[in-house]
Structure formats: C-alpha cells, structure tokens
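**Student:** Fit the two chains together into the complex; they arrive one by one in their own frames, and the hints show the way.
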Amino acid sequence: MPGFANEQLVLVKASFTVGDGKSFSVGTGYFVTADLVLTASHVVPEQYLIDLEVRTESDGQWRAVVPKPVWRDAVLDAVLLRVHPPLDATPDAAWIETDFEDDVGWKSSAYPEAGKVSNEGKPAWKTVGLGGTLHAHGGGGQGPRELELTVEAPPPAEQWAGISGAPVFVGDRLAGLIKEVPKSFQGGRVAAAPATALFQNHGFRLALSPPWLEAPSQGIWVLVVHSESNKGKTTLGDWVDGALAKDTKALKSVLGAELQPKAVRVRITDALESPGHWLRFASVLCSAPIAIFDATGFEPAVMLALGVRAVVRRGVTLTSTADVLTPMQLSQLPFNIQETKLIHHGSGYKPTEVEHPLMRIPAAIKTGWQELKSQPNYLDLPAYDAVRSPYPTPDADGHSAVTRILVLCPFGENHESNWKHVANVLYAHYPAAQEPARMLDVASPRLVGQALYEGIRWAGTCVADWTGWRANVFFELGVRIGCADIGPINLIERAAAEAANASGALTQQRLLMALLRPTAYLDADEDDAVETALLVHDAIVKQRPPALVAGQLPHDATFRTCRDCFEWKLEHITAEPHELLRSSIEAPFGKDPQAGGRSPILFSANADYRKELDHSVKERWIAAWYYLSNRFPKDYWSKDRALRAELRRLCNDVLQFGLPAPNEAHLIALRDQIFDLVDEIEEFDQQPTTGKLGDANRD
Amino acid sequence: MPTEIERIREFKTGAKNQRDRGTKGYPRALSSLQDAIAIARDALAQSTVAEYRKQLAAELSDCFGLVGGIQRRWADESSGGDDRAAHLVASIRAYDEGFGIESDPQYGIVNSYNLVNRLVVRILLVPAALGAPDPLVVAPEIASLNLTHELEQASTTIRQQLVGPRRGDYWAMADLALIEILLGRASAAVAYADFIGTSPPDFAYTSALASLRPLAALPLQRASVLDEAVHLLEGQLQRLRAR
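So the protein sequences, as listed, match chains A and B. If you're matching positions, the first sequence starts at 85 in my numbering and goes up one per residue. If you're matching positions, the second sequence starts at 553 in my numbering and goes up one per residue.
No lab work stands behind these hints: they were computed from the structure. The C-beta atom is built at its ideal place from N, Cα and C for all residues, glycine as well. Take these hints with a grain of salt, some might be off.
As the list claims (entries may be wrong) - Rough simulated footprint, nothing fancy, chain B against chain A, three-plus residues with beta-carbon under 8 Å:
| # | region |
| --- | --- |
| 1 | 333 to 344 |
| 2 | 527 to 533 |
| 3 | 672 to 678 |
This is chain B alone, in the form it adopts within the complex (with noise of 0.2 Å):
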C-alpha cells in the first residue's frame, strides 16, 4: 500500500510526462495535479506532525508549481489573443497559491521555484511591466506586484538560500541566473557559470530552456542576453547527451 507522499509523487510523475507530450497531454497532466493536490490537502488538514505536514506542504507547493508551468506551456502553445492570456493568468494563479505555501513560515520550506516562476509569468503576460514604476496590476484578486522590485528581492532571497540550506543546488543557480540576467546584472556567460559548474542532469537544463526560451522570445532590452543563455545551455545539453 503506496504512503500519501508516494501516491502524490506518482500521479506527479504521471502528469509531468503528460506535460512533455505538449498541448494533447495537458488536460490530464492537469487532471492528474488536481488528484494529487486533493490527497496532500487532505492529509496535511488531518496531520498534526510537523515534519510530516513541511513534507505534505512541499508537494503541494510543488504541484501548483506545476500547474503553473502547464498552464505556462499551454500559452506559448496557444493561438495567442485572449486563449494565451487566460492561460497564463491561470498560471499566474497557481504560482501565487505555491508561493503562499513555499513562503509560508509555518512550513520552513526553503525554495525558490514558485517565487521566481510568478514573476516570469506576469513578465510573459506583460513583458513592459519588467522595468515600469508601477506595481503591475493583472485582476483585483491577484497581487499586484512591481516586477524589478520583486526580482531584486528575490535574487537576495536566493542568494540568502545559496549560502544556507540550498547550498550547490543547481535549481537555485538556475533560478538566479535568470533573475540576474532580468535584471541585466549579468552576461549569459557569468549569470550561468555557476549552474553549469556543478555539471547538472540534463533535465535541469531542459527546466531552464523551458523558462528562457519563451522570455527571449519577448520584446525586451535583455532579449539578446536572453538569447544567449539560450544558446549557451543548449550547447552544453547537446555535450551531455552527445555519445
């Protein structure tokens, strides 16, 4: 008999390769999230153990992360217009929802992916908000948030978490990376230096494609920087699985 824990990671397994066969996997990956986000909701209303509950709230953080990447995908797939943004604005939700959870004190989770993923996304839906004074405002319900102070804010937060308990984490290098190039901080070449020192698996480097190729695609002043980093990560994913 599988434990909660388990069945949550299968049927997030199960929805992350429907994810990967593209627009016709989407609505059972989605399917398969929404089971798994029942069973740790369930279990993490009914656990008083601690650790058991960061355990439960880690997962499902995770699994609204991966609604957001989903419902992100779906967008760039989409016929643009009105389908794509209410793709994203979905994403955006789910995002926040992991957000709330990862960040939330009680948990002691410490992770970057839904605190860096709810600012590309809004970046994809508004790409001028990257840079504006004002706080972009996407529906009453979702929280408005000013882009270039929330990444300033997050890239510290991440650095925090390098030099503490994600030490060597290629995802948080990954996650800054990106951050640093948002900010024009850095070149391709140095914002990844460090990802790529610690010679990752290649599904890191295609997680990191995922997130970088939409945003080179946008009309932004870093785009070419951004292209870079598209190039540079691609070249060493074609080394790695290069026999």
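The shape of chain A in the complex, shown without the other chains (with noise of 0.2 Å):
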C-alpha cells in the first residue's frame, strides 16, 4: 500500500485575469495517478485562466499542466489536472471504499497562508504537517455529504488559504481532499470532499481509467462487439473486416464518405472488466455509427449492451448469431429480438447465398444507412423512441408510469415463486404505492414494447431481478441504466448468484455481478435482503447512496456517460425548422418527389386526399423558406457561403416543388420573389467572400 508520499504532493498555481489585470490562486495538490493531480476545483478558475502549473514537492520543479482539466466537479469542489510529461514510477493512490463507522485519525501535508514565507521580497510557499481527528458521524445535513475533521493546533481561519485540495489520508489510504475551512470554528475544523462521493461520480471513475477502447476520431466505423463463446472459426470481426474489403466502393458511394478499413472490436468481457471500461464502452456504443452485435446464445451482458444502445442510436445497429436458426428457433427468440433483423456470420451458407456473410453485411449496412438517412422514424432495435415518449400523464386515480414499480423479471412458471416473495417484500415496503407490475401485469392497451419501455425510463422505482439470466431482463436493464438517472434495483436469487460463481459458468456473469452488485436473495419469508436492498435504493432517491467499492458502478454511471457522449446532433428534435419541414415531405416522398411515378403515400389515388396532400406540402415548402430567407440579416449572406448554400437549395426546391405553377397573384409574386434571391445569391457568389460568420456565429 502506497500511502502518503511527498513525492506526490504538489503546490498548484492558478494564473488569471482580473479585469485589466492579473491576479493568481494557490492551493495543495496530490498526485493520484502518474498523471493525474486531484486538487479543489475552486483553486482552478474556470474562466479567464492564463496559466497553470503544479510545483512537486520532492523536487521544487514546476510543470506543465494541460490548462483544460480533465474532470471538474464544483459541487464535490474537485478537479483532476493532467500534467504532461507524467511523474515516473508515481503509483496509484490506494482509495477508501467505505463509509467510516468510527472516528479515526487523519493526516496530510499542504500549503497554507500560515506556512509562507518571504524570500528575498517574493512569497515562498513551505508544507505545513497536518492531522486530527475525521469524525464518522459528522459531514451530514443538507447537501452533499462532507468529511468533518478537526486540526490539531491550528491557525485562524484566513491562515487556512492554500489548504485547499490537500489530500486526506486515512492510514495508507487517501479518503478525500480538503475543500474548506468553515469560518465558525476559528480554524479548527476543515471539510472535505469524501473520497467515497468522488467514486460514486462517472466522469471521476472515468478520468481515473487507463486508456482503453478509444474510437476512430474520423470517419465512418464500424463498432463489433464479440460475445464471449465468439463461436465459428471466422469471428464476426474478420468476416465484417472482410465484408469492408470486399465492398469498399460500395459503400463508400451510399455512406457518402470513407469507412475505415477495420472495425473496432470489443469482446464483452472485456467491457466488463472494471467500471470504467464499461463507462469507455458506453461511450463508444454512443457514438459508433455502426455496430454489429454477435448476439449468438443471446448473453446476458451483450444483451445489455444491446439495450443501451438501443437507447443512445437510432441506428444503424446490426444483430447476428453464429447459429443458423430455424423457423421455430426463431419464433422462440427474445421478445426484443424478435423485432430486429437477426443477420448470419457463421458458415451456414455458400459464398454464393446471399445469407452469407460476405455479401449480407454489406448490404445489411448499405440498406440500413440509407434507410436511416431518409427515414426519420429509422428504427433496428426497440425501445429508442418509446423511451423519448413525454411525461406520462396521471389517470383518474394518479396513478402513471412514474408511479408504478416496475419489475423486470421472467414470466415462466418456475420464477412465480420468486416475483411473489419480491413483489410481497415491495408491497410491505411501499404500502402506499402502486401496486408492484410486471408488464404483464399492466392493464394499459398500449403496444406492449410502447408501454414498457415508456415505464422503464419513467419508473421511480425499477426492479430488475437476474434470476435466470433471461435475455429479455438483460436487454431491458439495459435500457433502464441507459436512459434514467436512478439506477435499478438489482437483485438475483442467491442458488443463481452462487451458480454463476461457480466454475463452467460465462466468465460474465461473474464479472456482471462485480460491476452492478445484485443483491441475492432467498425465495423465503424470513430473509431480508430484498428489504435491505430497498434501503439502498430509498438512500439513492435522497440523494445519499451509500459507499462503493472501485469494483462498483455508480447506480447512474451509464444514464451520465451517455447523456455526456451520445450524438446529439443526430436527434431530429434539435432540427431547425426548415430542415424539420423538409424532412416531413421528404420522408415520405424522396428527396426527388418527380423522378418516381408512383405515390408512395397509401390511398393517395384518392383524389381528395390527393388534392389535400399536395397543398399540405406546398404550404411547408413555402412555411420554410419565409422561416430561412426572414431569419438572418441580408449581411450575414454575404459572409456566409454555407447560409447562401443553404439559402439556394431551399429556393431551388420550394420553386420546384412548393409553387411549381402558382396561378394566384401573391403567389406568382412570391415565386418571383425567390427567383429574384436566387439572382442575388448567384451574385454573392461571384464576389469575394468578405468575412466568414459560420454556423457558430449565427445565434
């Protein structure tokens, strides 16, 4: 064990601007990586930072810091500093893991106001030893929960400054960082920021995590994600790299740019491994273009990974299985499956079939990325709209989706015992509530993939009980940790939690147990683990969870990493409305309306519908461009060529399309109108460009 080591300790300056002139903040921080230097985030102002450097202790050296840090959070008042080049052979700091139960002494060393001396006219900053006593039972109340210590001969307050981010050792083990002097106890207590609270913090487990998994920062690419039996001689990997090669200009004719010759290749156990691999793959699978599944034998973690991804990417997402299955295998499928065009990679077919491989990837990503190019209810796995439905409404009785406790368990005969014993232990537990449901149990007429993917975001209260291992609690409890801020409450009947430590069982099941602790559970009336996993979740909605192990992950770790890194761009609610109007009509008509002679809308032969329709979609070319041609200044065309371009191609098809003939006045004033922009657009173009304002300059 590590333990306190000067080598570790740093002097941390900050360099900023203060109106017209320049001012600068110290304070102590300690190297918890090689690289990584935790300090108070108040010690690092976030705006008008000049410069930053870090002054090692063992050596009187300053370094370079990068002036962005690499995590900030200013409620925990933390930050975590990447020095460039790392400290050679600094070990990890070792962490506490648990809440403390008793009183215990603490010590540290920092760079208080009180220890500065003058030297030769200029302030140098000396380490002042430090240590108490951290009281176990203070640090609570209102906001988040603190670290109370209490200093042995300690100085006024104002001589604190300089303390803050010093490191809190507790024995060899770092327990948070001092954040705080209260003024009211004259200095003789700090506060600090527990390290338990930093653990419970995605981007903190994250910014601590070795590099891993990181993704192809251009281009398109393709995400495979190997199950963990990554069954057949050829991988899924090797055919889709092999699929890549074969149909390299293909592709890149319909996805309109280069597709990186190799795809990323995860193996699911790998994900598992620690919670910031996990949190590294969430964030790939948010923001991968494509990904292909191997959901072979439908394990439980790609399962979860699947429902994840069903939450962060409309598309475009492909599941295949080494199996060829049957009709009957088919229909036997994971309800949630059932939906999804299962793909072959296995050699069940002749290089010649088209089920082969070779020739089905390709063609499976082709199709997909066009369909989801043109149609913006693309969909190849559930859950990704239901989950974005609204608020849900209350009934007459005010009860709703968000009010239900929902449980995400089998439905076979042999789990009815289990979902009695969890649903009595809930009911007993939460006597005024709605009744526990599974989906089966919920009278809504509503679609049941509708309904209950709704209820797994909406749900105050989710249960999802591992016992079985069904694909279909996994995919779910996928979604649920993917798309709501209070994590699952997880639980597994303790004959399976034992079976899956035991030797023949997938090495992932073990390692899903390390990371989302299920609570095992006997099927029986006098066993309280299910209440006391109850406890830990009524802890959480108030905003005090318990501690974590590092093995852990925070109950809300994935919902933050993919509300940090999914592709927002790509959510067509954040479309302005020209472009939404144009993709209302072109959706559904094409982006060339005139080159097809059929309708493809259905009972469009009927002539007033027609009639209808047509005026329906004129009235939107036209609603578009008053919306474009009125929003920004005429100077702004003149300096911006992406709004001209914009500009013309909207002219050009509210022309073609929205008044093709118009034979009322004010209409053929208009179309004359947008010939006339036209003209004067063409005009712009000609002439030097005089300044660029581009997307970010327009408001």
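**Tutor:** Rendered as structure tokens:
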C-alpha cells in the first residue's frame, strides 16, 4: 500500500485575469496517478485562466498542466488536472472505499498561508504537516456529504488559505481532499470531499481509468461487439473486416464518406472488466455510427449492451448470430430480438448465397444507412422512440408509469414463487405506492413495447431480477441503466448467484455481478435481502447513496455517460424549423418526388386526399422558405457561404416543389421574389467573400 | 458534404426552375445541366459498383432528357423557321443520347422518358413523318426512324413495363396515353383514364400537358383528339389546384 508520499504532493498555482490586471490562486494537490493531480475545483478558475502549473514538493520543479481539466465537479469541489509529461514511477493512490463507522485519525500535508515565508520579497510556500480526527458522524445534513475533520494546533481560519485540495489520508488510504475551512470553528475544523463521493461520480471513474478502447476520431467506422463464446472458426470481426474490404467502393458511395477499413472490436468480457472499461464502452456505444453485435446465444452482457445501444442510437445497429436458426428457433427468440432482423456470421451458407456474411453484412450496412438517412423514424432496435416518450400523464387515480413499481423479471412458472416473494416485500416496503407490476400485469391497451420502454425510463422504482439470466431482462436492464438517472434495484436468487460464481458458468456472469452488485436473496419469508436492497435504493433516491467499492459501477454512471456522449446532433428534435419541414416532406416523398412515377403515400389515389396532400406539401415548402429567408439579416448572406448554399438549395426546392405553377397573384409575386433571391445569391457567390460567420456565430 | 448524386439533383432542380422561367432562364438551365452531366459522367467513368453505376446512369439519361425538353420548349417559343428547327434538332440529339443510356442493358434502367420524347420531337420537326412509310432522316449523324413503327414498338415496351416494374407508374401511363392517341388507337378519355385514375400530383399533369400542347397545334390527323386530351388534363389540373 503506497500511503501518503511527499513525492506526490504539489503546490498548484493558477494565474488568471481580473479586470485589466492579473492575479493568481494557490492550493494543494496530490498525484493520484502518474499524470493526474487531484485538487479543489475552486483553486482552478473556470474562466479567465492564463496559466496553470504545479510544483512538485520532492524536487521543487514547476511542471506544465494541460489547461482544460480532465474532470471537474463544482458541487464536490474537486478537479483532476493532467500533468504532462507524467511523473515517472508514481504509484496509483489507494482509496478508502467504505463509509466511516467510528472516528479515526487523519493526516496530510499542505501549503497554507500560515506556512508562507518571504524570500527576498517573493512569497515562498512551505509545507505544513496536518493531522487530527475524522468524525465519522459529522459532515451530514443538507447538501453533499462531507468529511468533518478536526485539526491539531490550528492557525486562525484566514491563515488556512492554500490548503484547499490537500489529500486526507486515513492510514495508507486516501479518504478525500480538503475543500473548505468553516469560519465558525475559528480554524479548528476543516471540511473535505469524501473519496466515496468521488467514486459515485461517473466522470471521475472515467478519468481515473487507464486508456482503453479509443474510437476513431474521423470517418465512419464500425464497432463489433464479440460475445464471450465467440463461436465459429471465423469471428464476427473477421467477417466484418472481410466485408468492408470486399465492398469498399459500394459502401463509400452509399455512405458518402470513407469507411474505416478495420472494425473496432470489443470482447464483451473486456468491457465488463472494470467500471472504467464499461463506461468507455458505453461512450463508444454512443459514438459508433455502425455497430454489429454478436448475439449468438443471447448472452446477458451482450443483451445489456444492446439495451444501452437501443437508447442512444437510432441506428445503424446489426445483430448477428453464428448459428443458423430454424423458423421454430426464430419464433422462440427473446421478444426484443424478434423485432430485429438477425443476420448470420457462421459458415452456414455458400459464398454465393445472399445470406453469406460477406454478402449480407455489407448489404445490411448499406440498406440500414440509406434508410436511416431517408426515414426519420428508422429503427433497427426497439426502445429508441419509446424511451423518448413524454412524461406520462396520471390516470384518474393519480397512477402512471412514474409511480408504478416496475419489475423486470422472467414470466415463467418456475419464477412465479420468486415474483411473489419480491412483490410482497415491495408491497410491504411501499404500502402507499401502486402495486408492483410486471409488464404482463399492466392494464394499458398500448402496445407492450411502447408501454414497457416508457415505463423503464420513467418508473421511479425499477427492479430487475437477474434470476435465470434471461436475455429479455438484460436487454431491458440495459435500457434502464442507459436512460434513467436512478438505477434499477438489481436482485438475484442466491442459488443463481452462487452458480454464476462456480466453474462452468460464463465469465461475464461473474463480471456482471462484480460490476452491478445484484443483491442475492432467498425465496423465503425470513430473508431480508430484498428489504436491504430497497433501503439502499431509498438512500439513492434521497441522494445519499452508500459508499461503493472501486469495482462497482455507480447506479447512474451509464446514464450520465450516455448523457455526456450521445450524438445529440442526430436527434431530430434539434432540427431547425426549415430542416424539420424539409424532412417532413422528404421522408415520405423522397428527395426527388418527381423521379418516381408512383406516390408512396397510402391511398393517395383518392382524389380529394391527393388535393389536400399537394396543398399541405406546398404550404410546408413555403413556410420553410419564409423562415430561413427572414431568419438572418441580409448582411449575413454576404459573409456566410454555407448560409447562402443552404438558402439557394431551399429556394430551388421551394420553386420546383412548392410553387411550380402558381395561379394566385400573391403566389406568383412570391415566386418572382424567390427567383430574384436566387439571382442575388449567385451575385454574392461571384463576389470575393468579405468574411465568414459560420454556424457558431449565428444566434 | 453532398454526395455526387445529391449534387447532380441540386443542379437538376435549379435547371428545372430556370426552365420554368421561360426563354430568360433556358441558357442558365442548360448550363446547370451541363454541370450535372459532367459530374455524372466523371463518376460513372470512375465507379465500378454496379448499383451505383445504375443510379448515375439514370441521372445522366434524365439530364439529357431535361436538355431535350428545354430545347423543345425553346423551339416552341422561338420565332420559327431555322431557329425553331435548330432547337428541335438539338432536342432530338439530347433525347437520343439520353435514350442510348436509358436503353443500355448494362444499366438495367426501366423508363420511357427519352424513348417517347425522341419520337415526339421528330413529329414536331416534321409532322408529316407520322404515318409516312419511309424513315425520317433529320441529319446524317442522327438516327433515321420510321415513326409509326417506333411508336408501336414504344407502346409495346411501355405496356410490358406497366405490367412489370413500372406497375402503377403515372409517368409510364402518360407516355402510353400519348402514344395511343398519336397512333389513333384511343380517344382522349380512354387513353388517359388510367393516368387520371392514379390521381397523380399536379406536376405530372403539367408535364403531360407540356408534351400535348405543341402536338395539338400541329396539322396532324389526330389533332382534335390531342386537343381533347389537352382540355381533359387542364380540367383535371384545375380541379386539383382549386381550393
């Protein structure tokens, strides 16, 4: 155990502008890894920063710090700074992973004002050793939990300046960092952010985890998620690479950009190895333009990952299996999977057959991509739209998907007894709430898929019973952890938990249990495990989550990572009005409605309907034009080539599809006006550009 | 960054708008189409992907068809004489080039845009050629065609398309209706019954009328039926646009 080391202690100095002048702040920091220094957030201003550096205590050297913090949390008052180059041979800090039950001694070293000396008129900060008692029952009350520390031989409170960010060691482990000196104690007490609170934060976990699974920053690329069994002589990743090589040109022509020649491969068990790995994997699930999952055997962790992917991306996601499934087997698939189009990546077909992986994979990518781009409602996995449903409206009794206690569990007869046990404990624990319900108990006539995923997102309390390791349950669990800021209550019958740790079980079962820590229960009246899990859930709801061990994933970490990393530009809800109007026409009619001689609209041969259809389309084009042509002052047009291109394209489409042959005087005038605008834009294009505004400068 | 197909379509849409402006817009329309043709030709020369080549070839033949249509309209609006004839000959060249691509089996395009219009423009140039026993010779490098025979062939081709991949296609129905009238096989109401039955959008009526009107003005044996067809479609279009 490394313990407190003077070599890892640093003085942090941040220089910033104040009005027309300059100032600086100092604090204490500590190398928690070879290149990351932990200090208090308020030591490093978020704005007006000019320079940031640290001085290592062991050698007095000033070292450069990357100005943008790796992670910052203003509420916890903590920040992680990257020092470049790293400090060689620095061990990772060991952390306290549990809440304190008894008072303990603590120690530290810091650079308080009290220790500052003048060296030929210049200030010099000297370390001051600190120590005292950590009060196990202090630091509670309102706001985030803190560590309450008393200090031996304290100076007056104002002399403490500079200790912010100092590490708090209890024994050989880091218990937190000092953030504040409450004035009312005259310097005798200090408050610290607990390490256990840092470990509840997904960003902190991600920042501390070593680099793994970097996604390509350019071009379109394919993520391949390998199952644990990874069946077949040729793996899914090999087939995908082969398909990308074989069909490069056709893929490029459809995708409109170069496709990375090799897929990014992830083995599902690697993704479960630690919270850091899982969160990096979640971020890649968000960013991968194309993802292909090996769903062979419908392994629980693959289904979990598919559930997360279903929340964060409308497409393109392909699910593949190494087995050739019979119609009977297909009909017995998990119902979430039955909705998807499974492809095959084994050796079950001849190379000339369309089902062969080298034929099917590129064909599926091309078709999926084209449909994703042309159909706003494209989906290749369930859940995406349903989890974006509006906040549920309560019924006459005040009940809704929000107040319902939703239980995700198997429905089979052999699980009936478990269900009754869990339901009874829930009923007893929440007597005033709606009765706990599985999806089959919900009375709504809505399609099961819609109601289920809406419930998974909005339910304040969601229980996932892992017993049986059912694929459906794990897909739904993935949806829950991807879209809800309160994680599920994970349960598993004790026998199933023990079996998962025994030899012969899938490795991923053990890894999932370490990562998500389901509560093992006995299906017996005297067993209180479920009740204990509910108390933890209540603490989470009250924002007092109990401490986690380093290997455990915080309940909301996947959700928060997805929130940070999802490609929000792809969400249609962010489209500008003219683009929204355009897509409302182009999605059903196509980009060139005059090209095909058949109307894609159902029943459009009904003459009255056709008349209104034509009218509606024209009105939308006109509305789009009115919006964009009036949105920005004309001087923007002269400066912004992209805006001109956008306007020109819209003008042409409105003229051709919205006002092809107007017969009313005001529409004829409008058509002439748009023609004039097209001419004007062309004139602008022929002039040298005077400047460029670009999207970022448009309000 | 727009794809090649998107760029071609943007040029085509701009060209159609300039075309709809009348004589004033024709030069710009042709210039835009030349840009689109250049992109399509380059891409076609470079691509080896069958499905993409088919897409590019379809766009290319459509561009030539649009050029042919603009030259034909320009001829309608010209002062007559040599000017009119020159535009009609240019129109024939463009439609013939489009037809060469449209009918090239390597692309597998199923359409009749250039197939029908290359014949219609020849009738506009030499109305007497319709029903004449000898092939019409326009210029040495332009294909000489027996128009009645070609129209019968085209009718057969479109009928096959309509029971196959172009089932329910109002463009095919409009093309077939026009041929049936030119061959004296049907009245206007019968010829256009299927077309009207699909309730096509107004631009389909506008396009069909653009082909019919100049033919109806010619001294043809079927001029009265062509005129009847113009009135029929104008009435339908008016009803569609009335609110």
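**Student:** All hints, please: hold or fail.
**Tutor:** Hint check results:
1. 333 to 344: It holds: at least three residues are needed, and the region 333 to 344 of chain A offers 6 whose Cβ sits within less than 8 Å of chain B.
2. 527 to 533: violated (count 0)
3. 672 to 678: That given contact holds, which follows from 4 residues of the region 672 to 678 of chain A lying within Cβ reach (below 8 Å) of chain B.
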